[in-house]
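**Q** Quick note, the sequences are listed as chains A and B, same order. Counting from 0, one number per residue, gives the positions in the first sequence under numbering that gives the first Met the number 0. Counting from 0, one number per residue, gives the positions in the second sequence under numbering that gives the first Met the number 0.
Since the hints were made in silico from the structure, they are not lab data. Hints are supplied without guarantee of correctness; some may be wrong.
As the list claims (entries may be wrong) - Below 20 angstroms or equal to it, Euclidean Cα-Cα: the simulated SDA-like pairs (lysine to any residue) are: (1) Lys-350/B to Met-426/B; (2) Lys-286/B to Leu-167/A; (3) Lys-313/B to Pro-71/A.
As the list claims (entries may be wrong) - Cβ-to-Cβ under 10 angstroms is the rule here; a few derived chain B residues that face chain A: (4) Phe-385; (5) Ala-406; (6) Leu-408; (7) Val-421; (8) Ser-460; (9) Asp-467.
Built from N, CA and C at the ideal position, the CB exists for glycine as well.
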Amino acid sequence: MNILVLFVIIPLLMLPALWGCRNINQTRAVMATGSVLLLALSVYLTIDFIAQRNAGETAAMLYTASVTWFAPLNICFSVGVDGISVAMLLLSSIIVFTGTFASWRIKPMTKEFFLWYTLLSLGVYGFFISTDLFTMFMFYETALIPMYLLIGVWGSGRKEYSAMKLTLMLMGGSAFLLMGILGIYFGSGATTMNINEIAAMDNIPANLQYIFFPMTFIGFGVLGALFPFHTWSPDGHACAPTSVSMLHAGVLMKLGGYGCFRVAIYLLPQAADELSWIFIILTTISVVYGALSAISQTDLKYINAYSSVSHCGLVLFAILMLNKTACTGAILQMLSHGLMTALFFALIGMIYGRTHTRDIRQLRGLMKIMPFLAVGYVIAGLANLGLPGFSGFIAEMTVFAGAFGIDDPFHRTVTIIACTSIVITAVYILRVVGRILYGEPENEEHKKLSDATWDERFTVICLIVCIAALGIAPMWVSNLINDGVGNILGNLLASH
Amino acid sequence: MNYIQFFEMRPEVCLLGIYLIIFMYDLIATGSSRRVFHPLVCILTAALVVLTLGDRSHFTLFGGMYESNAIIVFMKSLLSFGALLVIMQSHKWISNSDSYHKQGEFYVLLLSTLVGMFFMISARHFLLLFIGIELASLPLACLVAFDKYRHNSAEAGVKYILSSMFASAIMLYGISFLYGTTGTLYFEDMAARMTGLPIQIFALVMFFAGMGFKISLVPFHFWTADSYQGAPTSVTAYLSVISKGAAVFTLFTVLTRVFAPMTEHWNLIICLTVVASITAANLMAIKQQDLKRFMAFSSISQAGYLMLAVIGGKATGMTSLVYYLIVYMVANMAVFAIIESVEWQIGAPAKRANFNGFYKSNPKLTFIMTLALFSLAGIPPFAGFFSKFFVFMNAFSAGAWIVVFIALLNTVISLYYYLLIVKAMYMKESAQPLERIKSDPYTRISLTICTVGIVLLGVCSFIYSGIDSIAFGL
Chain A
0 MNILVLFVII PLLMLPALWG CRNINQTRAV MATGSVLLLA LSVYLTIDFI AQRNAGETAA
60 MLYTASVTWF APLNICFSVG VDGISVAMLL LSSIIVFTGT FASWRIKPMT KEFFLWYTLL
120 SLGVYGFFIS TDLFTMFMFY ETALIPMYLL IGVWGSGRKE YSAMKLTLML MGGSAFLLMG
180 ILGIYFGSGA TTMNINEIAA MDNIPANLQY IFFPMTFIGF GVLGALFPFH TWSPDGHACA
240 PTSVSMLHAG VLMKLGGYGC FRVAIYLLPQ AADELSWIFI ILTTISVVYG ALSAISQTDL
300 KYINAYSSVS HCGLVLFAIL MLNKTACTGA ILQMLSHGLM TALFFALIGM IYGRTHTRDI
360 RQLRGLMKIM PFLAVGYVIA GLANLGLPGF SGFIAEMTVF AGAFGIDDPF HRTVTIIACT
420 SIVITAVYIL RVVGRILYGE PENEEHKKLS DATWDERFTV ICLIVCIAAL GIAPMWVSNL
480 INDGVGNILG NLLASH
Chain B
0 MNYIQFFEMR PEVCLLGIYL IIFMYDLIAT GSSRRVFHPL VCILTAALVV LTLGDRSHFT
60 LFGGMYESNA IIVFMKSLLS FGALLVIMQS HKWISNSDSY HKQGEFYVLL LSTLVGMFFM
120 ISARHFLLLF IGIELASLPL ACLVAFDKYR HNSAEAGVKY ILSSMFASAI MLYGISFLYG
180 TTGTLYFEDM AARMTGLPIQ IFALVMFFAG MGFKISLVPF HFWTADSYQG APTSVTAYLS
240 VISKGAAVFT LFTVLTRVFA PMTEHWNLII CLTVVASITA ANLMAIKQQD LKRFMAFSSI
300 SQAGYLMLAV IGGKATGMTS LVYYLIVYMV ANMAVFAIIE SVEWQIGAPA KRANFNGFYK
360 SNPKLTFIMT LALFSLAGIP PFAGFFSKFF VFMNAFSAGA WIVVFIALLN TVISLYYYLL
420 IVKAMYMKES AQPLERIKSD PYTRISLTIC TVGIVLLGVC SFIYSGIDSI AFGL
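Just chain B, same shape as in the assembly (with noise of 0.2 angstroms):
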């Protein structure tokens, strides 16, 4: 075997070289040291995403389990700018007295499903996905309890936990189905091999409904409210964003490589969830005081658009899915990011009305937070109305058109519902308004690239057709 290959890997094998610098800074440094260990996270991953950006040789290794090219390279960097995004985020809660001791660990649980992750995309062997998965998953599990003192969290994480695996059971079951027909685990071999029999359709099935968990499509997204809500805040934003992109991201590989020859079946299988998830999740958006717990419907609606980019399974369908990817972050990002902060001011989790009269005391926030929601909401000239737009566009042309129209439809719901906040910060008046929050840099800095790229994300259409040009599809 060639060890030499090893190294071909530049992610992964940076990733993990700064996984070690931290883990042995985590053992090493004492005392006032360690007041610099959050600012070298935050260097170390932004390195992170300038190593892996512009990589754009396509290869495979090991006989074909591994691919890399210039997409899947762009994903990485992507997930990794959003891992930069929430470690930014993170500092005020990672150094406040119950979690301070416990930085390191914090750090390395989220680069290690970060590795995960790139595994996933990057494997085109269900072996490696599988490690994959759940290398995303276990230590994702340890960081929804991280706050082991709260009851919440301790119970998020024991929910997030038993679903996931339950989820993984499923899915091997239904690989150990396509193995058993096909006798290979190469995605190549199998799509070869792959004949339509009702079994493999049967293992369909079960394998999208294990990556349906992970995206927390409905009727898969039981556990999600309650995880979301009981996380810890900067948790929360990695399960919504970072962790779903790349499940989205994996499941449109595997639809497009495996089960090209399924593609009718596939499709209709998504276009229930589709419907499903967007619908159930915004009439149950609307009665949520709570943000998190608010914000986690609001998620599994967002899903449910980021699926109809994979409808049809076409390279313009997943530009749009990273597009959409790119766009969600940013914005999703932005409002955990003042979430936390609101958090951190009141003491407890926050409420809808906690934002009552939150233009009075905090303008800056409010318009943040405002363009956050009308890019959630899909409203121009902010980014997230040409993500929509273009998510539709794809699943119009693969001939979804009732799909399309229910998801319209639930725009307006949706709207209901970020409107609500956006009266409460502006029309509501309250009897013990907040005071001026005073956000920390880190915060600061990452509100900014949030706000920056709600602005321009939509306008600068470069980043559109670079994406066009490197994406792949049936």
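The following block holds chain A by itself, in its conformation from the complex (with noise of 0.2 angstroms):
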């Protein structure tokens, strides 16, 4: 049997036993097997993968197999990843592994909401493992809805108004990345809905790529955080669960990213090398308008939902380069944010599971208070605005130096506009650990508090050592996407 198979059938496998479950522990569990199953998968993929590229296995997509679904439309279940795909299941897993920790006790209707849960990591799952569009696009609706619920039944403040904004605004997108899709299908005349296929056919033509390129793209886009369709964003990392707004900011954003590159530009390469530019300015705005926003934020989450904005806008300014270097960014950025952002996530979820507040007005000397929050806490700053020995700091640095190597005016102003949003994230990250974490604590209620408990040390911990991995030993990460970005850009940099 095939491999990837298993990261659907797992998690099928886990709604009925979930929805079987009588009590919390039976719940927790189903989800520790669950994500642990997941997770050591995920690591076997990885290391398995790396070996058989040693070995001199040059396919572009590896562990490939297609069973015919629709036959009379032409759909089937294909499965198959290259390098970027399989650091994106890495990374899915790792959040969703260390998600499962961070709501460990989460109430009420425990098995309900690991039920929707499961649901929302089964369509990232899925998704990164399609080859075939029609796939691809079920996944990805398959993963924006549960966040309704997820986020409307055990959010806090105004999550209903937040749910509803996410799951429209979200849908909005995919009724574009459908037309793109569609487009992409009956364009080509393929007889297929292959991704890989297609692409070698590379026969869509350009009047039709003007139309459906900007779809595509903005369809995946609008996941990806792209001005003006970012709105959607800060209030629903704002009002979600922990966990959610770990699983969310972490891997569904990179979702966008991910569909951009694989789909948009992949199957798109003239469109999308005439009409780059446009998005360009777009993502550029995103990048420092998502800073800036967050300067003047004063809940925690609020602060750090902008800063996905801006660093999702980023990964997606990467992949418009269209360059090696800059494309290999761009993965590397999509790794870094996901695990600094759930990490940040987490502990913001902890602190404010503890003050009942995440206004930074009313936060002061958690450092005294609760240590071990306060230093991860320091520890997701400073990997967020790019410290050397981080993630953040080697992804920020490939994708400049990949946009900043293109030698036109037009790119380099855009890439020095971009570079500033360094700056900015500085001021904000530096003025909230300043602010919330030292000083002496003002609120007596506070100094009552308590530090981490197991699972939440346990989940902290899990993510820092990855960060840190990603930070000390990049080469390794760039060298497993190596391959998929020079796959990917074949048929655009063939055309030059």
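Both chains are given apart, each in its own frame, so use the hints to dock them into the complex.
**A** Encoded structure:
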């Protein structure tokens, strides 16, 4: 059996198992088993993938398999991974795993929470293993809808408003996306929906590419927080429960960047080349605007949500540079931001669970009260602003190096503008760290609070280890994704 | 004339047999034997589904007036299956004291509309088609007005019959033009003599308007909301799925068989009505508080999506049309079964507010309702996603890009109003939450069937492939 199918089968089996659980311990047992299995599976996949590559396997996609699904419409259930998808699968399973522990004590309706959570992760895994446009789109939408209930029922603040806004905006995006997918399929005249085969044909007429590239890019871009379609993101993240914020900012937003790269750029290279400037302008706005908005926020989650807009904007920005260095940087940034932001949201959730406020004006001196969480927060902050040794540095470095390498005034200018976000990031991160962690605790109630419990420590340490690993040994990951990036940009570079 | 050919129409003959059994039973049975009336009808209708299923022979009767082939027979068993679900869900309503004595009438009227629909989809001659349409409409008016002691129901019945007659008259007018210009009422001969005269285009519009009424497309939808709201809930379910499904299928057949030379004209008409139906109905559905009225607008917009499958008139279109119908049937029937249960619990028409806090008291029903609404909204992995995707594919391949795009944007609006109910069930608190609803066994069985359908119809691709192998088109 194909190992990739297990990524779908395990969550599928977890759903009825969760449905049958009678108490909270059984639910936790199912979730722990499932997420550990998935994590182990993705680690094994990564090792085996690298081993196969080292053994000289040069096919664009490994572990490919295809089963005809709707034969009259040429729809197949096809799976396959390249280095990029392997890296994304590893990221997803780390976040799902840590997210499970971050919501270990969620109440009420624990079982239902994990039921929707598992459906969400099913969509994410399915998306990354799919190589068929239809199945890819199906898993994409599967990942979106559980968000509505997860935020609406278990969230905080203006949760119903945010949940509805998020769901509708993302569904609006997928309306564009579906147009793009249908356009690609019918435009290529292919008798398959397999991405690799359509890319190999590379025969979509230019005039159709000009219509469907923007549609596809906007469709995925909405999920990647492309300006001006990013407004769902701050509200959605701020109101979501901890593990959902982690999964959403950490993985789900990466679906957007990954989709733009894998579908829009790969299959519509000509239009990508011609029209990229429009989206480069938009993503530059995302990067700078997101960072500037983060400065003026006072809610910890809003700060981090706007920071996500900025960082995810950088992912799309890098992809649109259409050169190998920048695109490698984009994938690194996806991984790095996924881990960092998950750590951030986990810590914010833990702090909020104790202090019941996320307002930075009311928090002070947390370093004295909960040193473990505070140290974790400092590390997350430093990683976020791109301190060397952590993952953020290497990702942003690669992106800007790649972007600046393009020798024309337009690209140089936008790169310089986007670079300012590094400075702005430092402003809002250091301001928050200084404000809430140091000084003397002002609130008497806060002095009685306890530090992290075992499951929380476990979550935080796991994520910090991953961030440090990515920061210290980035070559390992960039080697992994190298072949995938080269292959996707192949069509585009060949036409130059 | 060879009278043996009557017996070749197996679905209709079986149905008439069942019809007569029920009619006689209603006259004879008294006292305790009436208690088995409902199960008897259910078994007989189930038998009808089985008897019609599987006949794949292709033949015509009465000199070409009547045609039967695999997909037509499949449609007939699908319609009977829908009728079976309606009958099962009507148990509580039909056995209450107000309508218990009229039980037999309900079944007989329902099954006679089914005969009408069978003739509609088999007709290859305008006379037979018209008789079928009338046979399917008139008893429906009685059904809509079935709760005659309720003011609403009687009013809905009158509205239905008046607009129905008006639509029939318009359609007949159109047919008369066709007869006048071609000199025949047989589909085949008519198609051969169709020259695309302006008057024939006019006739096409008239005919389309008549069918548009049955399908309740905008701008022929004005009866829908009031009739759906006033009719007994089981009848509303029947109107929204089965009657509509038969009409769309008939329209598809007539457009491809008779109006084939005018494809571009009717493509344009469909595109306009689809955009109008989906957009207008979605906008009006948002504000509705009464659930049956809400489902009326939802069904208008679903009819719009259904018509996307007719664009182009190709065999893949028919496949996606029939497939959409099956998926729509199970999802819509599940929603109506739950609305009916809630109505019985509160003893009044169900409002959206009645569903506040529904999850706390009725987790299972909430779960089914959520699945059904997600399926109606087209959310994967439920069946509705697949059926929507396929009708979009069909319309897109026929070149109607802009229509597909507008329809896609409308799915966002429709998702919004379906989510409003989900939100009420899961997130709202209620001062007086509903108590646990104890459903009768018939409703339970039908809900189980619907749930299985919602979950499996999409994933199990053999159903789609099976329909595809028997579908026909231009």
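**Q** Closer than 10 angstroms between Cβ atoms is the bar; does Asp-467/B clear it against chain A? Give me holds or violated.
**A** 4 angstroms, holds
**Q** Take the shortest C-beta to C-beta distance between Ala-406/B and chain A; is it under 10 angstroms?
**A** 9 angstroms, holds
**Q** Decide if the proposed pair is consistent with the structure: Lys-313/B and Pro-71/A, CA atoms, cutoff 20 angstroms inclusive.
**A** 13 angstroms, holds
**Q** Checking one constraint from the list: CA of Lys-350/B to CA of Met-426/B, max 20 angstroms. Satisfied?
**A** 16 angstroms, holds
**Q** Please work out if Lys-286/B and Leu-167/A have their alpha carbons no farther apart than 20 angstroms.
**A** 17 angstroms, holds
**Q** Given Ser-460/B as an interface hint, is the shortest Cβ-Cβ distance to chain A below 10 angstroms?
**A** 5 angstroms, holds
**Q** Can you verify the interface hint for Val-421/B: is its Cβ closer than 10 angstroms to any Cβ in chain A?
**A** Given a least distance of 7 angstroms, the restraint on Val-421/B holds.
**Q** Hint Phe-385/B vs chain A: min CB-CB distance below 10 angstroms?
**A** Holds, because the Cβ-Cβ distance from Phe-385/B to chain A comes to roughly 8 angstroms (cut-off 10 angstroms).
**Q** At a threshold of 10 angstroms, is the proposed contact between Leu-408/B and chain A supported by beta-carbon distances?
**A** Hint holds; Leu-408/B Cβ to chain A Cβ min 5 angstroms, cut 10 angstroms.
Violated hints are absent here; each numbered hint is respected by the structure.
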